[in-house]
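Quick note on the numbering used here: the sequence shown kicks off at 283 and runs consecutively.
No lab work stands behind these hints, which were simulated from the structure alone. C-beta atoms are modelled at their ideal positions from N, C-alpha and C, and glycine is treated no differently. Check each hint, because a few of them may be wrong.
Using 30 Å as the maximum straight-line C-alpha spacing, the simulated DSS-like pairs for lysine-lysine come out as follows [to be verified]:
#1 Lys439 / Lys528
#2 Lys444 / Lys542
#3 Lys455 / Lys287
#4 Lys444 / Lys455
#5 Lys542 / Lys439
#6 Lys542 / Lys528
Derived CB-CB ranges, DEER-like [said to hold, decoys possible]:
#7 Phe365 / His327: 19 to 29 Å
#8 Ala368 / Asp486: 36 to 46 Å
#9 Thr511 / Asp553: 56 to 66 Å
#10 Ile527 / Phe326: 50 to 60 Å
#11 Phe334 / Val314: 21 to 31 Å
#12 Asp502 / Asp535: 43 to 53 Å
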Amino acid sequence: APRRKLRFAVGCEIAYLLFLAFSIPFGTVFSVSADNVYARGKHFHIYIAVYFAAIFYLSLSTILTARAFQNRSRALIYPLIVFLTAETIVQVAMPDLRVTWLCVTLLAVLYYIYCTEMWNQLDALTGLLNQSSYLHRTAEMTRRGGMLVVFDVDHFKHINDKYGHSVGDEVLKQFAEHLQNTFRFCGSVGRIGGDEFAVMLDIDLSQDQLEHLLTQFLRDISGILEQVTVSCSIGAYRFVFPQEIKHLLTETDRVLYQAKENGRACFVMEDSTEK
Numbered sequence: 283a284p285r286r287k288l289r290f291a292v293g294c295e296i297a298y299l300l301f302l303a304f305s306i307p308f309g310t311v312f313s314v315s316a317d318n319v320y321a322r323g324k325h326f327h328i329y330i331a332v333y334f335a336a337i338f339y340l341s342l343s344t345i346l347t348a349r350a351f352q353n354r355s356r357a358l359i360y361p362l363i364v365f366l367t368a369e370t371i372v373q374v375a376m377p378d379l380r381v382t383w384l385c386v387t388l389l390a391v392l393y394y395i396y397c398t399e400m401w402n403q404l405d406a407l408t409g410l411l412n413q414s415s416y417l418h419r420t421a422e423m424t425r426r427g428g429m430l431v432v433f434d435v436d437h438f439k440h441i442n443d444k445y446g447h448s449v450g451d452e453v454l455k456q457f458a459e460h461l462q463n464t465f466r467f468c469g470s471v472g473r474i475g476g477d478e479f480a481v482m483l484d485i486d487l488s489q490d491q492l493e494h495l496l497t498q499f500l501r502d503i504s505g506i507l508e509q510v511t512v513s514c515s516i517g518a519y520r521f522v523f524p525q526e527i528k529h530l531l532t533e534t535d536r537v538l539y540q541a542k543e544n545g546r547a548c549f550v551m552e553d554s555t556e557k
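Please model the entire structure based on the sequences and the hints provided.
This is the structure in structure tokens:
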């Protein structure tokens, strides 16, 4: 679906550029004198309409992409939108200033930096937050309390050895997709490394709510691939008071290993406030 949308957008842009090229001799949108001086045509509003439509498309696509990839800096795109819109209005109202290309060039550089920063926060295989982003957001959690949930795919080495690394990679991608779909509106989802994943809950779920989500998740991932039965061990650790990040990760790992000792394909939840 994203590829179809991109092809449609590119097709519209090519059609528009061809229209501009063929309309120049008639001065429909632009006219060019013998001295190579450009002037606005009687249907210059077509250019303005397409220009603002392109801004809207780029802005909407960026915001939706940033949301899908859990980029919390997506609010930075709004000043860029305002900047480009204001520049366009100024250019239309005062054509002699000729600031469009300068502003578009500056915006392109800023937009490239923004996108590069967003991609640097992601794991290449799964599209989830990478280990660096996970540690950064976990460090933020330690200052305010919350719940950290860690997932470990059971016997993943056996899957790689028996079915090959291509099947193993597909398991990880499908696992990550189900994980993000389950916890998309609850918190940030990351890949710690290898076959380990984590969810940093942003909202305070009750024990019943979390148990329901984890039970549903365990049921859903069992059949993500026809030839492989997938399961995972889950450790959930809730804390209220600020903690050292090393202590938080150690406690969460301890709860995860309890799930493994209980036979895997299950979850263990622990609340530090009940100790």
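> Checked against the structure, which of the hints given earlier come out wrong?
Replying inline: Hints 9, 12 not satisfied by this model.
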